[in-house]
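Protein chains: 2
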Amino acid sequence: MRATILYGAGDVRVETVPDAAIVKPTDAVIRILRACICGSDLWPYKEMPAGGAVRPMGHEAIGVVEDVGREVRKVKRGDVVIMPFAYSDGSCDFCHEGLPTSCVHGGFFGVGGEAGGAQAEALRVPLADGTLYVLPVGEDDARMAALLTLSDVMGTGHHAARGARVARGMKAAVVGDGAVGLCGVIAARRLGAEQIIVLGRHADRIALAKAFGATDIVSERGAAAIERVRELTGGFGVHAVLECVGSDQAMRTAMGVVRPGGAVGRVGVPHYEAIPEALPAFYRNVTVSGGPAPVRAYVDELLPDVLAGRIEPGRVFDRVIGLEQVPDGYRAMDARRSIKVMIAS
Amino acid sequence: MRATILYGAGDVRVETVPDAAIVKPTDAVIRILRACICGSDLWPYKEMPAGGAVRPMGHEAIGVVEDVGREVRKVKRGDVVIMPFAYSDGSCDFCHEGLPTSCVHGGFFGVGGEAGGAQAEALRVPLADGTLYVLPVGEDDARMAALLTLSDVMGTGHHAARGARVARGMKAAVVGDGAVGLCGVIAARRLGAEQIIVLGRHADRIALAKAFGATDIVSERGAAAIERVRELTGGFGVHAVLECVGSDQAMRTAMGVVRPGGAVGRVGVPHYEAIPEALPAFYRNVTVSGGPAPVRAYVDELLPDVLAGRIEPGRVFDRVIGLEQVPDGYRAMDARRSIKVMIAS
Numbered sequence: 008m009r010a011t012i013l014y015g016a017g018d019v020r021v022e023t024v025p026d027a028a029i030v031k032p033t034d035a036v037i038r039i040l041r042a043c044i045c046g047s048d049l050w051p052y053k054e055m056p057a058g059g060a061v062r063p064m065g066h067e068a069i070g071v072v073e074d075v076g077r078e079v080r081k082v083k084r085g086d087v088v089i090m091p092f093a094y095s096d097g098s099c100d101f102c103h104e105g106l107p108t109s110c111v112h113g114g115f116f117g118v119g120g121e122a123g124g125a126q127a128e129a130l131r132v133p134l135a136d137g138t139l140y141v142l143p144v145g146e147d148d149a150r151m152a153a154l155l156t157l158s159d160v161m162g163t164g165h166h167a168a169r170g171a172r173v174a175r176g177m178k179a180a181v182v183g184d185g186a187v188g189l190c191g192v193i194a195a196r197r198l199g200a201e202q203i204i205v206l207g208r209h210a211d212r213i214a215l216a217k218a219f220g221a222t223d224i225v226s227e228r229g230a231a232a233i234e235r236v237r238e239l240t241g242g243f244g245v246h247a248v249l250e251c252v253g254s255d256q257a258m259r260t261a262m263g264v265v266r267p268g269g270a271v272g273r274v275g276v277p278h279y280e281a282i283p284e285a286l287p288a289f290y291r292n293v294t295v296s297g298g299p300a301p302v303r304a305y306v307d308e309l310l311p312d313v314l315a316g317r318i319e320p321g322r323v324f325d326r327v328i329g330l331e332q333v334p335d336g337y338r339a340m341d342a343r344r345s346i347k348v349m350i351a352s
Numbered sequence: 008m009r010a011t012i013l014y015g016a017g018d019v020r021v022e023t024v025p026d027a028a029i030v031k032p033t034d035a036v037i038r039i040l041r042a043c044i045c046g047s048d049l050w051p052y053k054e055m056p057a058g059g060a061v062r063p064m065g066h067e068a069i070g071v072v073e074d075v076g077r078e079v080r081k082v083k084r085g086d087v088v089i090m091p092f093a094y095s096d097g098s099c100d101f102c103h104e105g106l107p108t109s110c111v112h113g114g115f116f117g118v119g120g121e122a123g124g125a126q127a128e129a130l131r132v133p134l135a136d137g138t139l140y141v142l143p144v145g146e147d148d149a150r151m152a153a154l155l156t157l158s159d160v161m162g163t164g165h166h167a168a169r170g171a172r173v174a175r176g177m178k179a180a181v182v183g184d185g186a187v188g189l190c191g192v193i194a195a196r197r198l199g200a201e202q203i204i205v206l207g208r209h210a211d212r213i214a215l216a217k218a219f220g221a222t223d224i225v226s227e228r229g230a231a232a233i234e235r236v237r238e239l240t241g242g243f244g245v246h247a248v249l250e251c252v253g254s255d256q257a258m259r260t261a262m263g264v265v266r267p268g269g270a271v272g273r274v275g276v277p278h279y280e281a282i283p284e285a286l287p288a289f290y291r292n293v294t295v296s297g298g299p300a301p302v303r304a305y306v307d308e309l310l311p312d313v314l315a316g317r318i319e320p321g322r323v324f325d326r327v328i329g330l331e332q333v334p335d336g337y338r339a340m341d342a343r344r345s346i347k348v349m350i351a352s
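As given, the protein sequences belong to chains A and B, one line each in that order.
Each residue of the first sequence is one higher than the last, beginning at 8 in my numbering.
Each residue of the second sequence is one higher than the last, beginning at 8 in my numbering.
Isolated chain A, as found in the complex:
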């Protein structure tokens, strides 16, 4: 079968690899209907040293179950499923607590460990019963793009909003205008935020942010951005900040725009070693929360809104390619010519 392999910074290839197959009795194999390229894929695409272990890429997919191991009970051949970016047994303490990304038997797709990558024709899914979410739709459903976002970006935007404790009537800020930030706008609006300030500066993304419910756009950076957000919020900043980038500057901005008693929900993978502004955040009683989104646990909450069309996170995909064009997709996202690239089989 064909699959995407990263060899080092800037060197991503679609290659023929051994077919995905059942290895453990709790596995399933899915044929990939839709996959995509994630902003987080760009980090290794920009930074991974060549010459070491290669990395199968992709961790977001909608698939059709093609085969199941003999211990799989809930998932069956022909099911159309969401494949969340993490696999999980669905039965450990953390899974029961709604945190499948900390499953004691779990792991992540597309990072080079036991599991492969979803930017491929097919994929072996460990712990299929705990991991896969069976959808009530057919392979040709028109909402496929929106459903695909439940495997990562929409759930991640929702996690940022939850971590930031967004509630009805609040003022919120979203740091970052990438696909996760845009889904964060959807999530903040869905949870009732009254004012939603997006910090970003790309015209296409800002237009989509406004369509999703952003009320204000701040295109400044750093201290000027903090100043502008405070001006827009009566001087105090926002109750809830969704940090959707992961850089040190983004985190500093997030800590600077949050109001006393407010919260920062961080979902950008940290490229900072320590959380800045420890002392001012203390004096202002700021909460910092977040991490890898337990997207599997959020599907029950978000799916009805996707199926009913009340939210349209699929609009973050502004380019659709075939699997063989994946290297072009990486280049387009890296150059910000595309918000998010969908791979259709």
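Just so you know, these hints were derived from the structure itself, not from any lab.
Even for Gly, the Cβ is constructed at its ideal location relative to N, Cα and C.
Hints may contain errors.
To give a feel for the contact side, a few chain A residues facing chain B, derived at Cβ under 8 Å [as the list claims (entries may be wrong)]:
1. V82
2. K83
3. C99
4. F101
5. P267
6. P277
7. Y279
8. N292
9. S296
10. G298
11. P311
12. D312
On the provided structure of chain A, position chain B as indicated by the hints.
Same frame as chain A, now just chain B:
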């Protein structure tokens, strides 16, 4: 009148100063019945450079109202009151949201600003109606020590437990065996924690921690302490960490013992510039919360338990002195010969 003034590290004096008096129409003047020395007073006592501005000390008190300004409505002469460590107007957005320590017109006692210090015979209290909490007790009430803790340490321990999201059945850890940590044990137990691990090593404090409900004591430091807490909790750490010290090492330990999905409530004034372990905390979806406790807002919740004797935070006071002995009290606390020193008029 007599009052405590810090001149520089190690140089604290009780001196004759001008009598406390009404300055603004919203002020009250209280005669101090009980005050105390706080662990946080030891930071300037150890570090403040001599030769600069001097600092009136003390921010915790029970008093009797002696005089009120012409705009004071709720508080009247003769009332026995709790003086929280921060003053607040009781009417701004933050006060309404339960965060009087961020009051837009507020400030702190005993830090050298507009307000004086409570280690004195009397004190001018700004914004008396918002700040003071009138108690239903007389000047000679036997529960005075416990009531005094509601001005800071008991409310602060409670804030750590709230920030750490302690709930029924949880495993909790308390970093620090000072008066705040000990009150944190009371708070964690009160909120239903099942296992309460105290990280500390002073025999007198550990005995009191056990009396307050600690189930386990860890006397190791650093990596060994983290390892020991994990052993005591099935390998995963605790749901809730109450960080009651404020040093970089204490915060690192707190971040090391918290379980995936858990929370750290920090109330020790940070002597670190950034919150450590940003990346592992992210991958484990750890929440960090806390700051100066809104103790004024907690009195309604805690007072009934104090009055009924269901909690006995007054036991943290193991030494009672008169005002003239305050310098001895600082020395005793600094040398850890005393957990917390009460000053009785």
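Self-check item: Hints violated by the structure (numbers, ascending)
Solution: 1, 2, 3, 11, 12
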